[in-house]
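Colleague: What follows is the residue order along each chain.
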Amino acid sequence: MKFKLSGKSIQAVVLGTLGILSFFIIWQLTCIFTKFGTIFPTPPEVAAGMIRGFIEPIGSVTLLGHIGISLGRVLVGYTLSSVLGTLVGLLMGASRLGKAILYPIFNIIKPIPGIAWIPIAIMWLGIGNATIYFIIFVGGFSQMVMNVMSGASNVDQELVGVARVLGLKKNHVFLTIILPSCVPYIFTGLQVSLSTSWMAVLAAEMITATSGCGWLILAGMQSGIMLNNVLGMIAIGFIGLVLATLMRMLERRLCSWKERN
Amino acid sequence: MEGKKLNGNESVVRLENLKKSFEINGEDVQIINGINLDIKKNEFIVLFGAGQCGKTTLLKMIAGLEDITDGNIYINDKKSSGFNEDVGMVYQTTALFPWLSVMGNVEFGPKHRGAAKSERRKKAQYYIDLVGLSGFEKHFPVQLSGGMQQRVGIARAYANDPEIILMDEPFGHLDAQTRYLMEEDVEKIWAREKRTVIFVTNNIEEALYLADRIIILTECPATVMKEYVIDLPRPRSMVSEEFLRLREEISRLADARESEAG
Ligand SMILES: Nc1ncnc2c1ncn2[C@@H]1O[C@H](COP(=O)(O)OP(=O)(O)OP(=O)(O)O)[C@@H](O)[C@H]1O
Ligand SMILES: [Mg+2]
Numbered sequence: 001m002k003f004k005l006s007g008k009s010i011q012a013v014v015l016g017t018l019g020i021l022s023f024f025i026i027w028q029l030t031c032i033f034t035k036f037g038t039i040f041p042t043p044p045e046v047a048a049g050m051i052r053g054f055i056e057p058i059g060s061v062t063l064l065g066h067i068g069i070s071l072g073r074v075l076v077g078y079t080l081s082s083v084l085g086t087l088v089g090l091l092m093g094a095s096r097l098g099k100a101i102l103y104p105i106f107n108i109i110k111p112i113p114g115i116a117w118i119p120i121a122i123m124w125l126g127i128g129n130a131t132i133y134f135i136i137f138v139g140g141f142s143q144m145v146m147n148v149m150s151g152a153s154n155v156d157q158e159l160v161g162v163a164r165v166l167g168l169k170k171n172h173v174f175l176t177i178i179l180p181s182c183v184p185y186i187f188t189g190l191q192v193s194l195s196t197s198w199m200a201v202l203a204a205e206m207i208t209a210t211s212g213c214g215w216l217i218l219a220g221m222q223s224g225i226m227l228n229n230v231l232g233m234i235a236i237g238f239i240g241l242v243l244a245t246l247m248r249m250l251e252r253r254l255c256s257w258k259e260r261n
Numbered sequence: 262m263e264g265k266k267l268n269g270n271e272s273v274v275r276l277e278n279l280k281k282s283f284e285i286n287g288e289d290v291q292i293i294n295g296i297n298l299d300i301k302k303n304e305f306i307v308l309f310g311a312g313q314c315g316k317t318t319l320l321k322m323i324a325g326l327e328d329i330t331d332g333n334i335y336i337n338d339k340k341s342s343g344f345n346e347d348v349g350m351v352y353q354t355t356a357l358f359p360w361l362s363v364m365g366n367v368e369f370g371p372k373h374r375g376a377a378k379s380e381r382r383k384k385a386q387y388y389i390d391l392v393g394l395s396g397f398e399k400h401f402p403v404q405l406s407g408g409m410q411q412r413v414g415i416a417r418a419y420a421n422d423p424e425i426i427l428m429d430e431p432f433g434h435l436d437a438q439t440r441y442l443m444e445e446d447v448e449k450i451w452a453r454e455k456r457t458v459i460f461v462t463n464n465i466e467e468a469l470y471l472a473d474r475i476i477i478l479t480e481c482p483a484t485v486m487k488e489y490v491i492d493l494p495r496p497r498s499m500v501s502e503e504f505l506r507l508r509e510e511i512s513r514l515a516d517a518r519e520s521e522a523g
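Chains as they are written, first to last, in our numbering: chain A, 1 to 261; chain B, 262 to 523.
No wet-lab data here; the hints were simulated from the structure. Some hints here could point you the wrong way.
As the list claims (entries may be wrong) - Here are the simulated lysine-lysine pairs, BS3-like style, with alpha carbons at most 30 Å apart:
#1 K280(B) x K170(A)
#2 K384(B) x K258(A)
#3 K169(A) x K487(B)
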């Protein structure tokens with residue numbers, strides 16, 4: 001392992017820090033010298049608000065509580081869409097009959113974005129968590145299906161033959177060859193659908209919830225407390241980044257056979 | 262297993278007027294046109310053919326990967342149809358399972374034929390060592406060079422204990438130096454393990470270095486053009502007088518074959 005920074009990466013760190021610093025400075029100066037400051041908090045106010053947010057509740061729970069609530073909702077919807085999407089994708093990719101039946105209907109549903117389902121979902125499921133799970137589910141589901149399906153239909157047929165020559169029984173081909181070939185595609189699906197799920201939960205919470213990060217940013221605007229809005233946005237960006245990073249780490253572990261090192 | 266290896270003269274693979282055609286753009290195109298061949302136990306047979314003359318197709322038919330259009334294949338005097346546990350294959354494209362480690366690839370056959378874990382590990386390790394990959398058991402195929410990948414392919418075929426091993430231009434993509442080393446190793450392994458080998462190549466030196474018998478195939482549609490029994494002592498010198506003479510003769514034959522095909 002090498003931890004030494006090369007000249008190029010030092011330069012990148014310095015320039016990056018400079019960029020972030022100037023962003024905060026411009027924000028601060030704008031607040032001081034324009035009317036923007038009367039409605040919008042300055043960076044130190046945001047920092048203080050963030051610390052306070054972790055201690056005192058905003059609405060029903062603290063900032064951490066809102067993050068936890070949103071993540072919990074994502075977890076439910078995302079797990080559902082991942083599992084179901086993988087199964088349907090495998091079915092459509094590996095079975096000709098499955099594709100013939102499901103692909104047309106899927107193609108009609110696929111272009112409808114998750115948020116467009118909100119009114120129907122509210123009518124069916126009422127205001128509350130069930131609707132939020134559903135919105136997250138529809139967003140992730142099509143992406144999961146698309147990726148897994150392309151994985152399952154791109155299985156190297158020569159490898160199936162190789163395995164059969166080596167004595168693999170026909171009814172073991174699916175678990176032994178097709179499924180492992182699909183793992184990288186499943187991961188791409190999981191990655192893409194995770195960021196969609198995170199966006200979907202925010203949209204759903206803005207409309208049908210009284211807690212969570214999505215509610216926080218909307219409530220901040222509606223009540224005129226812009227600080228809460230900014231806190232919510234920072235939390236959203238941060239969580240999105242953490243989720244994507246975790247996903248990439250997991251992928252690197254499970255799909256190491258695709259990488260050259 | 263001991264009994265099988267004693268007798269050196271029985272026929273292990275017999276091809277009887279074997280034919281193959283493919284439907285290409287709605288037309289039947291004949292690729293193989295009546296091949297007759299009788300292969301003895303533990304023989305090292307080299308099929309020497311031009312490019313695109315149906316060599317891979319022929320091996321795939323023996324392995325059960327392609328249907329037989331006409332004629333018969335007998336393996337140990339039994340008419341063969343489909344996969345056969347006495348046949349193993351090393352592929353032109355290496356065709357390793359990319360998500361399995363070297364160990365996972367080599368133990369694949371025994372594992373799916375029901376061998377217990379300790380037994381198949383032992384066997385796989387034996388062949389991994391034999392092909393010179395000790396220490397690479399946990400590597401994935403992408404982490405290996407082309408030559409090493411092909412060694413895995415060879416170990417994988419042997420570890421399944423087939424009586425007959427088909428090798429489809431296994432060194433076609435390797436540089437000359439690696440290729441030479443691999444040829445030496447294949448011969449050593451064969452001398453030690455025996456088995457009946459059917460080896461496809463379009464490299465004359467490789468054919469002469471390895472073969473007990475060289476079968477020269479015609480251009481497409483392929484038939485047997487000529488056959489050479491090579492009884493030079495092993496390991497062979499590539500510069501002995503007899504070696505050079507045979508090389509000259511076969512290369513003249515190959516040239517004639519090419520000009521005939523036009
Ligand atoms: N499944 C198939 N369907 C249609 N045509 C095929 C099929 N497999 C092979 N062919 C054709 O049969 C011919 C012989 O192919 P084959 O791969 O057996 O030749 P080869 O001698 O192994 O070639 P190479 O020297 O490139 O390894 C080629 O023209 C090929 O296009
Ligand atoms: Mg070939």
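Colleague: Quick one: which hint numbers does this structure break? Sort them smallest to largest.
Modeller: 3
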